[in-house]
Amino acid sequence: MNSRSCLLPIGLVVFSVFAFSSPALAHSPIEGISIFYGYMLHTLVVPAHALLLVATSLLLGQQEIVLTRVGLTVLAAGFVTGLTISAVGLASGSEWQHLLGALAVGGAVSLCWQAPLTVLAPLAAAVGFAIGVDSAPSEAPDDEKTLAFAGLISGTLGLALVVSGLTAGLTRGWQRIGVRIVGSWIVAVALLVLSLTLARDAMVEKSPPYRADGRSAGC
Amino acid sequence: MNVQVLVTRAVRPRNRTLLLAAAGAAILLFSLVSPVLAHEGEGAVGGLTSGLLHPLLGLDHLVAMVGVGLWGAFLGMPAIWLLPVVFPMVMALGGAFGIAGLPLPAVESGIAFSAIAIGICVALALRPPLWVAALIVGAFAVFHGHAHGTELPIAANPLTYALGFVVATGLLHLVGIGLGMLTNSSAGQYAVRAGGGIIAAVGLAFLTGYA
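Note that the protein sequences, when read in sequence, are chains A and B.
The first sequence begins at 0 in numbering that gives the first Met the number 0 and counts up by one.
The second sequence begins at 0 in numbering that gives the first Met the number 0 and counts up by one.
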């Protein structure tokens, strides 16, 4: 039995374990390192960040390997820069910017757009910066901020590396079509949530202002 | 034609991967059906689960989505992948209309009719030009999206809810594509066309109020 034919039963076993197991509370096995793990998962638990990062990583993975490497390097630099700026309180991000970015990049993934370096590098830097500037570990205790930063950087850049690496390794036609389908899913989700955000903002603007006693200011 | 030949043709290396992917998608989707939620779930995970379940718990959604994948497999390349790429984006456009409160007349009837139309196309083995097929599927995608989109604002976590129903829709397409691989044999073609008839019948039941 060769290694490829072993993968299917192993994959089925792994899938069954995760699909049919009950949820367990995750806790760190090493005292004090929970901050690191918690912030390592930060990008995944903020859906707008995850959407934008996965879309960008897919796009990088669709490019030639040299461009993928440059893109990942620039994305990392942008992320660290954004994180530093947000940590000192100079700026912060917003969800609609991430969703707009995910919409655009997801569209590029579904079209399998082969971007030139002059476009790809600034795009990757901007994405890294946008996610970093909205990821400051403000809730971490001061004496554990370094661990929080380390977790953020390793988790975010690790996710980008894995997704782009896996995408770059997909060589068969149907696999690359699957990546384009995932890109279209990202576009669809981003469009829906952006519409909801805009609709809610429009409703808030239309609502009449109320005084402290609950009566309309126009009465 | 004996069973051995039928199975051998259905599980050619190129088809085997698609069949496995379709089977995996079906297992994943239907393992989620057991918790029937009476209301939208809470938090990110609850939103994701609610979104995943939404197309599955609506039989009219479910059969229409499988029908799109089935018809794509019938039409062959490039429809087999173009439809699953375009459909979610057009569906999201319909969803945006629903969120914005733009009225779309007879949404539920449109969804039922989509099952009828796509089922008939599969049953009669219709192979129109690609742009006609895309137009038909796109028009119906707006109705499905509008129905999902109107429930988005009440979801606890709209983003994960949207992710859930978009992914579930895509996996249903994959199930349909996997079933469509049976068209490699003549007996399989009859089976697929019969499936199209069943899809159309389900749509008719919804349209006439029997379901």
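Treat the hints with care, since some could be wrong.
To be verified - Ranges of calculated distance between the beta carbons of each label pair, as one might list FRET restraints:
{"hint": "1", "chain 1": "A", "residue 1": "169", "chain 2": "B", "residue 2": "188", "range": "46 to 52 Å"}
{"hint": "2", "chain 1": "B", "residue 1": "138", "chain 2": "A", "residue 2": "76", "range": "22 to 28 Å"}
{"hint": "3", "chain 1": "A", "residue 1": "174", "chain 2": "B", "residue 2": "56", "range": "28 to 34 Å"}
{"hint": "4", "chain 1": "A", "residue 1": "76", "chain 2": "B", "residue 2": "128", "range": "45 to 51 Å"}
{"hint": "5", "chain 1": "B", "residue 1": "125", "chain 2": "A", "residue 2": "171", "range": "55 to 61 Å"}
{"hint": "6", "chain 1": "B", "residue 1": "125", "chain 2": "A", "residue 2": "95", "range": "39 to 45 Å"}
{"hint": "7", "chain 1": "A", "residue 1": "33", "chain 2": "B", "residue 2": "128", "range": "27 to 33 Å"}
These aren't lab readings, by the way, just hints derived from the structure by calculation.
Just so it is clear, CB atoms sit at the ideal spot from N, CA and C, and this is done for glycine as well.
Taking the hints in turn, this is what the structure says about them:
Hint check: residue 169/A to residue 188/B, Cβ distance near 31 Å, so the stated range 46 to 52 Å is violated. For the pair residue 138/B and residue 76/A, the beta carbons lie near 46 Å from each other, so the given range of 22 to 28 Å is not met. Checked against the hint of 28 to 34 Å, the C-beta distance between residue 174/A and residue 56/B comes to roughly 31 Å, which is consistent with it. At roughly 48 Å, the beta carbons of residue 76/A and residue 128/B sit within the given window of 45 to 51 Å.
Roughly 30 Å separates the CB atoms of residue 125/B and residue 171/A, a value that falls outside the hinted 55 to 61 Å. Checking the proposed 39 to 45 Å range against residue 125/B and residue 95/A shows it holds: the Cβ atoms sit about 42 Å from each other. Between residue 33/A and residue 128/B the Cβ separation comes to about 59 Å, which falls outside the hinted range of 27 to 33 Å.
The structure fails to meet hints 1, 2, 5, 7 from the earlier list, while all remaining hints are met.
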